Amino acid sequence: MKHLLSIGIFLFCSYFSIAQERLKKVEFYGKARTNLLHQNLNVEVDTTNPNKANYGHSLIDLGILIRPSNSTEIITDLRIRNEHGGFFGGAVTFGVRRLTLKGIIDDKIRYNIGDIDLKITPYTLHNNSYQTEVNEATIFSNQRSLISYENYFKENYWRQQGAQLEFALVYPNSKLQEIDFNIFTTRHNTAVAASSTPERLFSGFSVVPKTLLGNFGIHTVYLYDLKNTINDIQLFSNRAHTLSGTLNKEFFKNYNFFFETGYSKTKIEDLISNDLNEIEDYFWNIGFKTQKFWGLDIQLNALNNGAYYRAPGAQNIRLNYLTQSGVFNLISNDQVQRPMGILDYLYNDVNYFNQFDESLDAYNPIFNNTMPYGQATPNRKGLSLQLTKKQLLEGLTLNLNGHMFSEIIGVGTEEIKTFKVYQSSLNYKYNRFTIKFGVKHEKTKRDGANFEKIDLWSRQIDGGLDIKLMNDLDFISGIKIHEASGNELLLDYDILNNPFIMTPTFYNMKQVLSAFGLRLSFGSHSTLTTSYNIYSYEDSNIDYSINQFQILYKLNF
Amino acid sequence: MKKITLLFCLGLIFACERAYDENEFLGNSLNDQFGELKFSTPLSGSGLEYNFIQISQYNFNATWSKNANYELRIIGENSNAIKSYTGYDNSLNADNSIWRGEANDFPSFKEESCQVILSVSDLDTTIYDTLNIYINETKPMQSDVYIIEDFENIDQATLMQNSFVQFGANMDFNIQNDFAAEGQNYFRMRGEMTWNEWFLGNLVLNINEAKTLPDLTPSTTYFNIAVVGSRQELFPEDQFLEIVVRETDGDEFRTQIRPIEWSSWRNFSIPYSEFESGSDIAIKETNKINQIEILCLSCPGVVGSQGGCVNNQGVLVTTDIDFISFTENEPYQP
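So the protein sequences, as listed, match chains A and B.
Position 528 of the first sequence, counted from 1, bears residue number 519 in this note's numbering, the numbering being contiguous throughout.
Position 198 of the second sequence, counted from 1, bears residue number 199 in this note's numbering, the numbering being contiguous throughout.
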């Protein structure tokens, strides 16, 4: 510690130290939006259900930033939302989207209280990205940004409510340059006596020494029930501890090595029967990046995620695949529940998880069967290779990915599944034209007896073309194609995430969503987009199509 | 050197071996849910001839392709005695099919041919396998059985000297020898009350000195009795037996077998500790048991001050009994 020369503040300190005199006591900012949708359903032989839907809303999120002192900020986002068609304010709702108190103690320790965004590593706390896009066209990514905004999906952060401390120890002129600390506790869910759900907290810390050789980190997350917040029947807890590191090029010439390894333990304590169920397992993930060959960015990594490794904050899916939109819920004269598809996932009222829980949620194998719960998906081992070439031509970036994984132990059988994923994306900008393309092909296979055999393939294609017609006017268009064929077993998990119900499911489906429209920009803060979508869905049970017209106005201020 | 040390440390971490069991998999077995059900090895026994004097226990063997519900039934061809085993497994073996010659209930096996039938079922299929065996020697009587009355070596008059039969229609409280639970004879308690009375009659068995029990622990001492209702399955509403055990110090303890609605012999083994007393200070002492009274009762067909069951009019009450005994440590095994 004799080399400790100073204690530095972390990341945002400069924000407070620069020109404090000029900062206002109160600032306002916000977003406003109007979204109008008209949808028209086409399905054979349906004389009983409505085939048109017209709905929309306007909202304003007013952000207020209050600085009671030079080292303290209070941030709140207030929302007023009006569903179109509400009678004299009858459909108006008011809410608070965010309330955060943040500041710095003694110019050394940064704290956040209230709504905070947290992320650590892909094996501890990580909000995994969407599974229904590869390299989406602008016309769709505009819409997806609304979903992210509404559900607090900011990069891979989870919105939590609690308290966080961040600080750093700085060692100038030393091989050990600094050590960053991040400590937090959040309230994960409240106690509900009726459902025998105890109060649950989520705590963690991360210590990251940064050295001349690279960065290393020790990370711990802990999701646990608090005793005696109700008449306890069962108590859950999960701990995950990981060690991560990145070694820079000075250590291995021309190669950046990275790794993460760790261990988890999950406990369910049944206080009625006095039973204690425990599972524990470990993982490792190691790889390197290099630019040594042909000017390519090459990344190769291998991973081995134990079958019982559990980290709920990192093993999650954003989209609730079991959700059902209220728009055209039943179709055809047989009153069939309309299968959900990529149009619903982008535009309609389906549910996205904005909080993780202790269980592995239902996933949809035709969107992602290989790593449905992100990089920390349990029971996987294999290799990934990623090649990226920037400026292949002027303005052209090409990315190729290949993943070969398998289960470590079988599910319901000793036979194991193998997974292959090939993915490529391309971005090309030429004069007034911007082209985006992405394709992902995934194949799952398992041998064995007839009831064990699995053979499933799925393909997602994204394409987009934007043309700048005038300075403030763009033609935007895109297409999404999703196909799948084969069979899989859909799993329902018990409380220890053991798949106890397996439902054989057969797929033979294709869905296509195409869209085109005009986007008018009013300065850099607001846009008006009008678009027309044509969507078709077909599987072995039902075919339908939906045409959609959208007007979307967005304003940031 | 640093690189080697680091690589060695990482290698150590990544080389860790998991402790998965051999053949371990996650979740329920797909084979159990969706696999074809068939026998892998056919049903076999420890032999074809069974001598329970020489060898006290035998077992059966078979394996099938998946965990499934199974039932193994051994049926005596002459006695119609049945011994059955049920469970959820993928094999029959020494752990789940040990047979010591006993039957599920009365009647007991005799020296006879038996058919062994194994049935295994999943949701949509049932498969069978059969085996024929022969019992050379039936099982010996289990140890620590104290027979109170088996109705084999007693005459009617002696048996009824302390008993009582009400006035009623078709009253039949006699030793019979048609379908006994054990041996040749059993005691019939049959009749119909033609007036508003629950009590049809009783059988009072005095326990003489020769039959006096030793001092046993009440919780591990079982009172055993074979009981059957009408063979024609015509059961009056609420017919039952009340059993009263009296001790020399005046304490008495009661239990009931109620209602009696079955048409083949059943053995009841009731721990003596479960007999109830009207007195809080009465203590069960098996060596003081000197009398057992078995009362035949039923809801009367004639409605009156004691209530009644109109539907019981013209229906004979039948509560036949056989093989009354005490056993120590375990129930009587027919």
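It is possible that part of the hints are untrue.
Unchecked claim - 25 Å max Cα-Cα, derived PhoX-like pairs, lysine-lysine:
(1) K380(A) to K283(A)
(2) K111(B) to K67(B)
(3) K444(A) to K111(B)
(4) K444(A) to K39(B)
(5) K67(B) to K436(A)
(6) K501(A) to K444(A)
(7) K244(A) to K283(A)
(8) K110(A) to K93(A)
(9) K459(A) to K381(A)
None of these hints come from the bench; they were simulated from the model.
Treat the numbers as computed from the prediction; the structure is a model and nothing was measured.
Problem - Unmet hints by their number, sorted upward, for this structure - result: 2 and 3
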